[in-house]
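Colleague: Please work from the sequences and hints to get the whole structure.
One letter stands for each residue in the lines below.
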Amino acid sequence: MTYQRPNFRHPEAPVNTLGFTRRDYEGSISTLCAGCGHDSISAAIIEACFGLPVAPHRIAKLSGIGCSSKTPAYFLGRSHGFNSVHGRMPSVATGANLANQDLVYIGVSGDGDSASIGFGQFAHVVRRNLNMTYIVENNGCYGLTKGQDSATADRGSKSKKGSANPYEAIDLASVALQLGATFVARSFSGDREQLVPLIKAALSHSGFAFLDVMSPCVTFNNHEGSTKSYIHVRDHLDAAPVDFVPVRDEIRASYAEGMTTEVRMHDGSVVRLHKDSGQVYNIEDRQAALRAIAEHDEAGRTLTGLLYIDRDAPDLHKVLGTSRRPLNSLKEKDLCPGSKVLDSINAGLR
Amino acid sequence: MKPTDIGNAEYFHKVVDCQYACPAHTPVPEYIRMISAERYTDAYMVNWESNVFPGILGRTCDRPCEPACRRGRVEDAPVAICRLKRAAADNKGSLEGLMPKIPRRKNGKNIALVGAGPASLTVARDLMPLGYKIDIYDDQGKGGGMMRSQIPVFRLPPAVLDEEVGYILDMGVTTHFNTRVESLRSVLADDYDAVFVGTGAPRGSDLDIPGRQEAAARIHVGIDWLSSVAFEHVESIGKRVIVLGGGNTAMDCCRTARRLGGEDVKVIVRSEFSKMKASPWEKEDAMAEGIPILNNHVPRAFLHENGKLTGMSFDLVEVRYDDTGRRSLVPTGEAVEFPCDAVLIAIGQENAFPWIERDVGVEFGKWSVPVVDPRTYQSTNPKVFFGGDAALGPKNIITAVAHGHQAAISIDLFCRGQNLHDRPGPGVTLISQKMGMHEWSYDNGVSDDYRFKVPHADPALTLKNRKLEVELGFDTRTALAEAQRCLNCDVQTVFTAATCIECDACVDICPVDCINFTPDAEESVLRSSLRAPATNHEQDLYVSGPLIQTARVMVKDENVCLHCGLCAERCPTGAWDMQKFLYNVTKAGQACAPSKR
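Order-wise, the sequence lines are chains A and B.
Numbering-wise (this note's numbering), the first sequence opens with residue 1 and increments by one.
Numbering-wise (this note's numbering), the second sequence opens with residue 1001 and increments by one.
Subject to a maximum C-alpha distance of 25 Å in a straight line, what follows is the list of computed SDA-like cross-link-like pairs (lysine to any residue): (1) A:Lys161 / B:Thr1499; (2) A:Lys146 / B:Pro1572; (3) A:Lys146 / B:Gly1436; (4) A:Lys161 / B:Pro1572; (5) A:Lys160 / B:Gly1436; (6) B:Lys1014 / A:Phe8; (7) A:Lys146 / A:Met1; (8) B:Lys1453 / A:Phe8; (9) B:Lys1580 / A:Gln4; (10) B:Lys1283 / B:Phe1273; (11) A:Lys146 / B:Thr1499; (12) B:Lys1434 / A:Thr219; (13) A:Lys160 / B:Thr1499; (14) A:Lys70 / B:Pro1572; (15) B:Lys1580 / A:Met1; (16) B:Lys1434 / A:Met1; (17) A:Lys160 / B:Ile1548; (18) B:Lys1434 / A:Gln4.
To give an idea of the chain A side of the interface with chain B (calculated C-beta under 10 Å), a few residues: (19) Thr2; (20) Ser42; (21) Ile46; (22) Pro216.
Pulled from the structure, derived: some chain B residues nowhere near chain A, Cβ distances all over 10 Å: (23) Asn1008; (24) Leu1188; (25) Ala1217; (26) Arg1240; (27) Met1287; (28) Lys1383; (29) Lys1395; (30) Lys1580.
Since the hints were derived computationally from the structure, they do not count as laboratory data.
Beta carbons are placed, not taken as given, at the ideal position from N, Cα and C, and that holds for glycine.
Modeller: See below:
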């Protein structure tokens, strides 16, 4: 087995506007099963961070436990990282984010990590609107422990041994919408065309950006009867194409009038949605988004794309009125402003 | 775009850049892997089968393989293929029992080879094991042709030459050395079934400018002078020497002159430095011996006093290119003179056939060059074949060997009364290298080392002794490290569309971004829309048919593929596999029935 990628790269490999090549965003070689959807998502994260671009040292990646949560070792090898306890990534991300809001936070979790052991943590990080990108690599099973059904496995979906799952599935995108998430998207690891712009948009969103990414488990959940196999997902996908136009690029491509919706992000970048394939409701309408997900679900289809966005909700820092500067940059003088300030505070309380 | 037909052996052959570029198509990565495994004798035999003179070529080859080497596009410098060949020759063990068996009972056909250079010797090597009786004629006292008379001994020690010429002559070739063939008619009259002409390009071009006649005593034609040195008719030259010409013969002349007493030796060339015909490494070696190369000097006259050469004068020129890219040398009006005691003219050579009567059925074309079929090497007299420099003009040893192999096939077909154009196809195998889940039977790691330099002997010694070999060759440790630089381009990435589930794992892992899954399009569109644009049009795109799940196609740009096998390692369904492609040019007599491939 090869443990190290060769060091040579394409001699004409592109360089982004910050002067980095894709290689600067790579991690070590993956030890996941060959063909794992998670590796595709890692590659999409690399592509999004390279293309946006974000400097590697300005990113912090956080994860819990599971196949999905191993992946931060395989991308952004020059970024900050924290591999936390099972299901507890949201707490650690909250702490890190409150201490330093200058970094870009990417949380990587799985369906077990977020929909079972960490379900409570997940709920609270959503409702607090923490400024981060939260990616669930959703394969409907516990791949690390030989493929038991997870909480997102569809009812009736067959395990590798042939038994059908008797329980109702948790749809994390719907849950996130109900809990007040301000950016909700769903995608498929095998649809790079859609996934990369979605990650870019999520990174540009100010607030909690949730991405539920179907990511087939090639070893334990890629068989006939599974609803999370490559072929089943591809056959039942209603994918709404998404373009992401970064701040610096002018919009060149032209589309037929009325066929696209443009969503301008706070940083000036633009997310462009195409109406011709499924994106027929107003994506700033939470109820419409929930309805659309349910309607597709009832028809046995899976809707992917940017499902909902609320650009104006204040993130946790704004809600709490925290210091704009990272805590590690606050000196004694900032933290202990002296007795005059104390006196004025005391006077205000009298 | 049309899906790639990997059933056509030429597709993967072209991916093995070095082998494809080699006129004899030596399976280079195959023998380099053997060197890595310290199987020097096997590595030598792979070479010997293909290029006949591994020890000689490992020192003197023009190395068309090296500029083609993929490593040169990925990194900085190509693998030192030529010097690894020498390492195989230097370290080989006994060849006993490995050489072909020569049948006692002959097949009744007699072949005459005129000239005992690399082309003729190759014909002998290929035909002797088939039972032919062979007579070889040469005016020198030993076999080897120009390899003996023109390549200086400090580049090619006679022992190496004798050994490899010996392997062929010892097969039972009847030698007629010190015998100059003066008439093709008389050879044909000797009842040979076929005659092969491998007489090289023995006539050095002269330079007819003022003073040439008057100062003739100290002006020599390069190749004649080199052979006089080789046969020890000449042992010294003046202190100040001018060598005219920019090819490898000029480099051999100047370096030899340095060893025969030349202290101030200059190479003076009409063209620019970059346009000189000499191989870059030969120019480097000459300059390293303190020999300056002066470019853009057009010879005007030999200067002389009282019939004695005193120097030369030159017109300085400037190189200009017109709109069509045509080059012209425009005089600047300036002239220079250099004093000298001797001049060596090495400005080209040509083949010459004063001994071939113009009425024996061998037709001559422009510039008195024989009309030769470039595939069969047959002349207009069906019994007479040409090869090497004699056939299509001066090239190099490895080209002569390639001609020899093809001429031997033709002669064999001719003697068996078969169609010369119905030639046997190559012998090809394609075998998976998979040994386990993630294990390959080849070393797929990619070395980061830069090209290793071949050590040279101390110039203080080599410049004093003409017979001391300059290059010392790689020691086994360095050879091992250099061998590891080879990317194993013959281990092919073979794609099976039917088993691909489009998980993109190969796209993600490929270190050089050569794999893509994309909607089908015309080649020009595909080339510009890949992850890394495919700008090298000499390298093919490997394109699959439509894939099952999305009807996209797989497109792989072969240009900088490292053949590291990671795509196949990360493929869950074995749609990618690493398969060793071995391509052997079929030799005379190997195929009973010509293949139709």
